[in-house]
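Asks: Sequence:
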Amino acid sequence: MSELKRKEYEDLLEPMQLELVDMARWVQHSGCRMVVLFEGRDTAGKGGAIQAIAEHLNPRQCRVVALPKPNDREATQWYFQRYVPHLPAAGEIVLFDRSWYNRAGVEKVMGFATDAQVKTFLAEAPAFERMLVNDGIVLFKYWLCCDQDQQEERFAERLQDPLKRWKLSPIDEEARRHYEAYTRAREAMLKATHTRHAPWTLVDFNDQKIGRLTLIRHLLSRIPDKEVPEKKFKFPKLPGKPKKERYGALKPIKNFKV
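For the sequence shown, the positions run 1 to 258 when UniProt numbering is used.
Treat the hints as calculated values from the structure; they're not laboratory data. Check the hints yourself; a few may be wrong.
[As the list claims (entries may be wrong)] Calculated pairs, DSBU-like style, for lysine-lysine (alpha carbon to alpha carbon, straight line, at most 35 angstroms):
{"#": "1", "residue 1": "K226", "residue 2": "K5"}
{"#": "2", "residue 1": "K254", "residue 2": "K164"}
{"#": "3", "residue 1": "K119", "residue 2": "K191"}
{"#": "4", "residue 1": "K7", "residue 2": "K251"}
{"#": "5", "residue 1": "K119", "residue 2": "K7"}
{"#": "6", "residue 1": "K69", "residue 2": "K167"}
{"#": "7", "residue 1": "K251", "residue 2": "K234"}
{"#": "8", "residue 1": "K231", "residue 2": "K69"}
{"#": "9", "residue 1": "K231", "residue 2": "K244"}
Remember, predicted model here, so these are calculated numbers, not experimental data.
Starting from the given sequences, assemble the full structure and let the hints guide the process.
Replies: Next comes the structure, spelled out in structure tokens:
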């Protein structure tokens, strides 16, 4: 249960979302290319955090990328290859709901990657990210943390809520038993990939509302404080009275009865 009531949370979130709109305007104006990675345990709250950030941003500028498991062809490619087409162009923001770090997390713990593949990934990830940063991409990496009792509570909620049940997968039942293995995998990943050019930030998401506010506030604090004037629009008065819809070939369906 969150310490914050929904109204309190929304009152705190709204000014941050206004700042996010300002941030997006600066990204577009400056030609910045921004990548934000969201990693963490199942149920930690990646989707909710991403939604809070992207909710009021132009979807043509801010894209959410959540890739499925590699297909047979992708499995034979250079590991980072399938992520490259999703990187941003000038003025764009890309939010990765899980990323290339799948290899250091779920693939390692669940045995989908060999020890040699994981070792190679941990050696190559800092070099890959160095190339991105050197090319001008602004890269932020967030890991969302939650205790096992919170994770269990959220799994149980998903089981009972038909609106959230789609989030469950067969792998979740197995993954639940590997909480400590995920901790060890995360620590090995941080040791190898927490670098000066692409540092990690861990955020406590035991309380998801407070976690979102903490993450967004931190993200905003890392953006240069460069104000870009908002373009002002002025609509002239309509000539005559506003017109009603007119129908010829087809009419609207009947309204929903309240």
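Asks: The structure should be examined with respect to each hint, and the outcome stated for every one.
Replies: Evaluated hints:
As the CA atoms of K226 and K5 are separated by approximately 33 angstroms, the hinted pair is consistent with the 35 angstroms bound. Taking the CA atoms of K254 and K164, the gap is about 31 angstroms. The hint holds against a cut of 35 angstroms. Note on K119 and K191: the hinted pairing holds, with a Cα-Cα distance of about 12 angstroms set against a maximum of 35 angstroms. Restraint check for K7 and K251: not satisfied, since their Cα atoms lie roughly 40 angstroms apart, outside the 35 angstroms limit.
The straight-line distance between the Cα atoms of K119 and K7 is roughly 46 angstroms, outside the 35 angstroms bound, and the hint therefore fails. About 15 angstroms separates the Cα atoms of K69 and K167, which keeps this hinted pair within 35 angstroms; it holds. At most 35 angstroms may separate the alpha-carbon atoms for a hinted pair to count; K251 and K234 meet this at roughly 33 angstroms. A threshold of 35 angstroms between alpha carbons decides the hint, and for K231 with K69 the separation of about 42 angstroms lies outside it, so the pair is violated.
For the given pair, K231 sits about 30 angstroms from K244 by alpha-carbon distance, which is consistent with the 35 angstroms threshold.
The structure does not agree with the numbered hints 4, 5, 8 stated previously, though it agrees with the rest.
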